[in-house]
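Here the structure of chain U is known, so what remains is to put chain Z in place on it, guided by the hints.
Line by line, the protein sequences give chains U and Z. Heads up, the numbering used here is the position in the first sequence plus 12, with the first residue counted as 1. Heads up, the numbering used here is the position in the second sequence plus 12, with the first residue counted as 1.
Just so you know, the hints here were simulated from the structure itself, not pulled from any lab data. This one's a predicted model, so the numbers in the text were calculated from it and none came from an experiment. One thing to keep in mind: the hints can contain errors.
Since the list can't tell identical chains apart, any single copy or any two copies may satisfy a pair.
[Unchecked claim] Calculated lysine to any residue pairs in the SDA-like style (CA-CA distance at most 25 Å, straight line):
1. 22 with 276
2. 199 with 110
3. 199 with 353
4. 384 with 224
5. 300 with 97
There are 2 protein chains.
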Amino acid sequence: MSVQLRSEIKSNNTLTLSLAQVSIPEPAEDEIVIRVEAAPINPSDIGLLFGPAHMNASQLTGSTQQPVVTAPVNEDSMASVSSRIDQSMVAGNEGAGVVVAAGSSENAQALLGKVVAAAGGGMYSQYRALTVIQCMVMPDNVTPAQAASSFVNPLTALAMTETMRKEGHTALVHTAAASNLGQMLNKVCLADGIQLVNIVRSAQQVEILRDIGAQYIVNSSSDNFHIDLVSALLATGATLAFDAIGGGALANDILAAMESAANQSASDFSRYGSTIHKQVYMYGGLDKNTSTLNRNYGMAWGIGGWLLTAFLQKSDTSKINELQNRVAQEILTTFESKYNNEISLSQAIHPETILQYGKQTTGNKYLINPNKI
Amino acid sequence: MSVQLRSEIKSNNTLTLSLAQVSIPEPAEDEIVIRVEAAPINPSDIGLLFGPAHMNASQLTGSTQQPVVTAPVNEDSMASVSSRIDQSMVAGNEGAGVVVAAGSSENAQALLGKVVAAAGGGMYSQYRALTVIQCMVMPDNVTPAQAASSFVNPLTALAMTETMRKEGHTALVHTAAASNLGQMLNKVCLADGIQLVNIVRSAQQVEILRDIGAQYIVNSSSDNFHIDLVSALLATGATLAFDAIGGGALANDILAAMESAANQSASDFSRYGSTIHKQVYMYGGLDKNTSTLNRNYGMAWGIGGWLLTAFLQKSDTSKINELQNRVAQEILTTFESKYNNEISLSQAIHPETILQYGKQTTGNKYLINPNKI
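One chain only, chain U, in its complex shape (with noise of 0.2 Å):
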C-alpha cells in the first residue's frame, strides 16, 4: 500500500487532513513509478493544505495508526474555496524519488534505478506514478533529497529573470531575499549579470546574503531603510520588484522609493510623477495581512500578482527546457537547497510541527520523506 497526504475542506466550514492508504500506482506504457523519498513544503503548498482554516485552533483526533487533523474555517472564507468543498485532495507540488517501477516503452524503462525530480502534484505519497516528459533526471551523484527542490524555487529565479527581460527592465529588487528562493536568484544574478536588490528583514539575513556574494543588500528594519533603498536603486537602476511579503506598507515603500530614485534622476518636473514605469509583483504572501497603498509615485506604477504556472503557460516549450536543463546541471551549486527538518507523513499532520513548518520564515525550512517511518 501507498500511504498519501489529504487535505479536504468539508461544507461543515472545518478543514481536515488525514493520511489515505491507496494501492501502489502501476505505470501505464509511458509512465514510471517513484518511491517518493524527499518533498519540500513551499509557500505555495500551503495554501491548499491549509486553505483558510484557523491551524493555531487544530484538533488531533483519528488513532495512532490513522491520524487526523481538523481545523474551523470561518464562515466569511468558504466562498473563496467553494470549488474545492468536500473534495479530498492530495497534496505537494514537487518531489523527488527513486524510479522502482517502469512501463514498457524504452524511455520509461531507461530510468529504472534513476533519481527523478517531478513537480506532478500529489508528491506527499509514499509512491506516485509519473509520464516519463514530467520527470527531470538526475545525475548520478545526486540524492532524492538534494533534488526535491528541482521545479518551484529553481524555475522561479530563472523566471522572475526572464519576466525582467521579457518586461523591459534591466535589474531587479527582491524581498525575503535570503530565502532558499532569494540564494538562488542571487546566484542567478551573479552568473548573468543582473544587479539585484535584496530585501532582508535581520542583521544575520544580511550576513547570510553577504556571504555568497550578494552586492545591494537592504535591511527593512533599519532606521535607514528608505534611505539605504533609493541609493540601491538609483546604483542599479532596478524598476521591477519581487516581492514574497505582499502584507503591510513594503510593496508601497518599494514603489516609493523606486519614484525617489527616478526623480532624483529626471531634470522635468512632470504632474504625474516619473514617466519610469514602476512594478512590483506580489509571488507570496507570507504577510497575510492587508497591503496598504499611498499612491506617491505618480501614475506609472503597477502591483500585481505573479505566479510561476502563470509564466510557464506563456512560455513555449523550447524555453521551459532550455530552463529545465540548466537546473539539472547546477542543482548541487547554484540551485542547491537547504532545508532544518525532514519530517514524516504522520510529523506532517501533527498539530505541533504545522504550527512550526506554517510558520514560513526564512531558515526554517521543512522537507517531507514520505518513505520515513
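This is chain Z only, laid out in the frame that chain U set:
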C-alpha cells in the same frame, strides 16, 4: 497684457497661487493665438495647482488687483515635488477659445475667427499661442464653453475602451460613474456595444445614469453592493475596471467581486484562485486615503496607475487622429460636458472657491473663463 494663473511651491514649504501679467504672445508662422474663454478644472489639474499643500489652511494675501493665495506644505511631502520647487508654473491642461491672431502659414490663417480646443497646458491664461497641429477645430455652431473639455474626458473615455480591447478584456467597470467622464463613457459604450458596469455612491447618481440609458448600475453605499456587483460582473463578464477613487477598499472589492464571479463560472478548483486576469487601473485619486488590499482573489490580478498621456504616447498618430475626429464630430452629443460654475481667474485663486472646486465631487464641475472680469 495677458493674465495667467501660476502655481509655485517654494523651498520654504509654501505653495503660492498668483496671477501673472505677461505679454500677449505673437504667433509664429504655423501658430495661432486664442483668446481662452473656457478651461475646465479637471482632477488632473488639481495636482499641479495644489500639489501636496493643505488648501484648507490657505490664506489670501496680496492686493485686490494682485491677489496671492498661500498654503502650507508638509516637510514630508517636499521630496515628492523636488523637481518643481521654486518654479512658477502655468496651469490648465485643456480649454477652448476664439482664434484672434494667426501666423503667416495658410493653415494658421484658415483658423482666424474659429473656435478651437486644445490641450496645450497653460490654458488658465487670457491668451495662449498654439501650433495649428495642437488645435481641434470646432464646427461653427459650437461655443468655447461647449468645446472646453474636448481632450481629457473624451479621449480618456475612448482610451479606456481601446485599452480594454488591447488587453483582451470584453467589458468594463467604472467608478465615480455619474461624473461627466462617466456619462461620456456610457454613451461611448452604448454606441459601441460594450457592456459597462457603473459604480456610483448614491441613489441620485443611479438616477442620473438610468436617465441616459445605463444598463448596469451598482450603488456602493447599498447593503447589497457586493452581491449586486458580482451579479453585474457575471452578466457582463467584465474583468477590467477604471477607478477614479483610488483610496479605501473599492479597488480591492472590485477584484474580490471579479474573483467571485470567475469562481461561480469555473468548474475546477485552483489553489491560486481563478486564472482569469483581473485588472483595476486607477486613473484618479478622488479619495486621498490609503488603498487597502486583502489580496483574497488568487494570483491573476493587477492594480496600477493609468494615464491618458501614457496611453497616447504608446498609440500611433492614425489612431489618435481617429479618436480626435470622433470627438469633434460628437462634441454636442456623446462628448457633451456640464458645468455648475463659471469663474474668473481671480475667483479661481480665492480660498473659498478653492475649497469648493477642490472637493472634486460628482456634479460639482467648474469652468474657468480667463476673460471673465
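To see whether the hints hold, each was checked on the structure:
With identical chains, the CA atoms of residue 22 and residue 276 are at most 25 Å apart between copies only, with a shortest distance of 18 Å across copies and 55 Å within one. For a Cα distance limit of 25 Å, the shortest separation of residue 199 from residue 110 qualifies neither inside one copy, at 28 Å, nor across copies, at 64 Å. Only within a single protomer do residue 199 and residue 353 lie at most 25 Å apart by alpha-carbon distance; the minimum there is 24 Å, versus 62 Å between protomers. For the homomeric pair residue 384 and residue 224, neither the shortest alpha-carbon distance inside one copy (32 Å) nor that between copies (69 Å) is at most 25 Å.
Within a single copy, residue 300 and residue 97 get their C-alpha atoms as close as 22 Å, which meets the 25 Å cut-off; across copies the closest is 40 Å, which misses it.
In the structure shown, a violation is registered for the earlier hints numbered 2 and 4, in ascending order.
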